[in-house]
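Novice: Residue numbers (my numbering), protein chains in the order written: chain A, 1 to 343; chain B, 1 to 343.
Any given hint might turn out to be false.
No copy is singled out in the list; a pair is fine if it fits within one copy or between any two copies.
[Claimed, not checked] Derived lysine-lysine pairs resembling DSS-like cross-links, with alpha carbons at most 30 Å apart:
1. K242 to K298
2. K142 to K242
3. K24 to K242
4. K142 to K24
5. K316 to K126
6. K131 to K57
7. K36 to K116
8. K57 to K126
9. K299 to K36
10. K299 to K126
11. K116 to K126
12. K14 to K142
13. K14 to K242
14. K36 to K142
Derived by calculation from the structure, the hints in this document are not laboratory data.
Number of protein chains: 2
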Amino acid sequence: MELNCPVPISRYNKVVLGHGGGGKLSGDLIEGLMIKELGNDMLNVLHDGAIFESAGKLAFSTDSFVVNPIFFPGGDIGELAVYGTVNDISCCGATPLYLSLSLIIEEGLPMDDLRKIIVSVRNAAKISGVKIITGDTKVVEKGKGDKIFINTSGVGSVISGVTVSPDSCKPGDMILLNGYIGDHGIAIISSREGIQFETTVESDCAPLNTLVADICNICPSVRVFRDPTRGGVASALNEISKASGYGIRIFEREIPVRDEVRGACEILGFDPLYVANEGKLIVIVPGEDADRVLEVMKKNPGGGDSAIIGEVTGDKTGVRMETVIGSSRIVDMISGEQLPRIC
Amino acid sequence: MELNCPVPISRYNKVVLGHGGGGKLSGDLIEGLMIKELGNDMLNVLHDGAIFESAGKLAFSTDSFVVNPIFFPGGDIGELAVYGTVNDISCCGATPLYLSLSLIIEEGLPMDDLRKIIVSVRNAAKISGVKIITGDTKVVEKGKGDKIFINTSGVGSVISGVTVSPDSCKPGDMILLNGYIGDHGIAIISSREGIQFETTVESDCAPLNTLVADICNICPSVRVFRDPTRGGVASALNEISKASGYGIRIFEREIPVRDEVRGACEILGFDPLYVANEGKLIVIVPGEDADRVLEVMKKNPGGGDSAIIGEVTGDKTGVRMETVIGSSRIVDMISGEQLPRIC
């Protein structure tokens with residue numbers, strides 16, 4: 001046991017098995033770090049669960065985050081875990097309200113790293129307007145985990161009058177995207193493999209709740225929200241096409257890709273359409289609403305680079321892309337794993 | 001790739017990284033196993049989250065399960081993960097309704113093991129009357145996890161008129177327990193360390209929802225429900241004593257402990273009061289209700305061996321136990337970790 005931990009969360013500067021044992025050490029960690037940083041009137045009860053008042057339709061979502069490395073340009077696993085579930089709930093056409101936070105920590109994780117991650121969780125929760133109201137901490141032996149895995153689950157209130165579903169698309173609907181794709185995936189792999197580019201690509205990790213709220217406000221008949229994380233834009237569009245039974249046509253020239261991301265993808269043999277994002281939003285709206293929705297998206301801080309990237313078609317040919325050179329190609333679902341542990 | 005998987009979930013007999021990649025292989029696993037075994041009208045939507053109708057007070061809880069081994073006498077990690085969250089929600093005085101299921105799988109897990117676990121999840125959900133409505137699957141590289149970790153989060157509807165909270169105890173309240181303690185912890189360690197006893201101790205892993213419902217039905221003024229998992233009965237009682245500010249006195253002769261568990265504890269140097277359970281319930285009720293509640297508990301299949309084990313006292317001396325030899329001793333909170341990865 002060393003005593004040089006800058007803040008005496010406990011007297012430990014690394015997480016030990018006892019921090020997950022349900023006894024005094026666990027209590028120490030919960031009170032000295034979790035409650036201190038995340039505490040609110042609902043979390044502080046320290047019950048087996050939290051109680052909240054509800055009414056109407058709720059959205060419920062879960063995600064476990066195993067990203068490697070846990071700190072990367074533009075974010076860390078704590079922020080990612082909050083925004084990931086905030087965005088899944090938002091994509092149900094709902095306002096995220098409450099999150100749970102469950103940690104699986106590998107014995108030996110520096111306490112300072114854990115503190116940084118919890119502070120990130122706090123800040124991300126504040127930015128997205130959600131409360132962490134219940135949690136759990138487990139510790140596994142060294143070599144039986146990988147630094148830290150985080151599960152967040154959450155509930156949100158479905159926005160009145162909005163019913164989004166991938167099978168609600170119709171031919172003539174337009175497909176919008178809120179900005180540059182592939183930044184998150186390329187930031188992670190650059191950081192993991194030590195690849196240097198002229199400018200650092202940062203993760204686009206960001207919450208989508210205000211963007212979703214703005215869109216629902218002017219277009220309650222919005223058909224689909226989808227955040228293209230693992231599998232990228234291509235996989236998300238394939239899922240939508242499959243669920244709706246209609247074709248999707250996208251235009252390569254309209255899809256925002258940074259030069260650095262395009263360059264990195266060329267070197268790595270990736271296609272930006274398949275690279276993971278966390279802060280990107282695919283929106284499908286009736287054709288007549290597309291221009292209005294685009295305008296509103298562009299005014300939101302999370303949508304300055306929004307574009308109409310395609311349309312739903314009456315054919316059954318899956319997802320096709322009109323390329324910049326004028327040809328058309330099938331954009332299939334990714335088969336296996338392009339880039340593991342991206343989220 | 002081998003082809004001897006008895007049921008072609010996919011053509012894989014082990015989980016590979018691509019099963020968590022968000023592409024075709026992921027889809028294969030989700031449709032061929034998750035939806036097949038767990039499917040219901042709400043899960044099948046395959047959206048980013050699930051939608052449900054709500055009204056009134058809801059309880060929300062989360063737990064990650066890292067138990068080792070994943071199969072043990074009397075249960076497995078799948079069953080444990082369902083009952084664990086069902087019980088946390090029940091202990092909020094609520095009826096569990098919906099669960100999320102999030103898996104972190106180590107590459108190489110036999111597909112048959114995963115199938116067994118998912119079937120256990122399905123059966124446990126059916127027994128406890130909950131629906132799995134949203135989920136997530138991640139796969140990490142071999143050596144970066146340990147077979148499988150499972151997070152379940154859940155929501156339940158708080159039973160009308162019931163408000164349980166550890167700080168609501170008052171002197172004169174009586175403390176009840178629904179049966180033998182320590183079975184789960186001893187089952188796990190016996191299985192892990194290959195310790196043989198004359199009779200196999202099986203985990204007490206079981207859902208508490210009907211027991212909680214029965215108690216709330218005849219005693220809506222119930223003060224506390226608590227399931228003594230990590231840290232055992234001793235830690236749970238210490239938490240309650242601390243939250244309420246009152247003392248707790250328990251009677252060793254009233255606390256049900258099986259001979260095999262007592263024997264194993266003697267060999268291992270454990271105290272049964274600190275050994276983990278999953279299927280045990282501490283109940284605190286006003287003194288005048290104790291006998292009625294005991295009677296109802298004994299009639300429930302999960303409460304045949306229920307007993308009144310102690311009382312809340314007006315002093316501030318924490319938790320004390322009157323021993324079988326007539327002395328009295330302090331029962332403190334456990335310090336670190338008696339037995340890691342018990343749940």
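Novice: For this structure, which hints from the list above don't hold up?
Specialist: 2, 5 and 9
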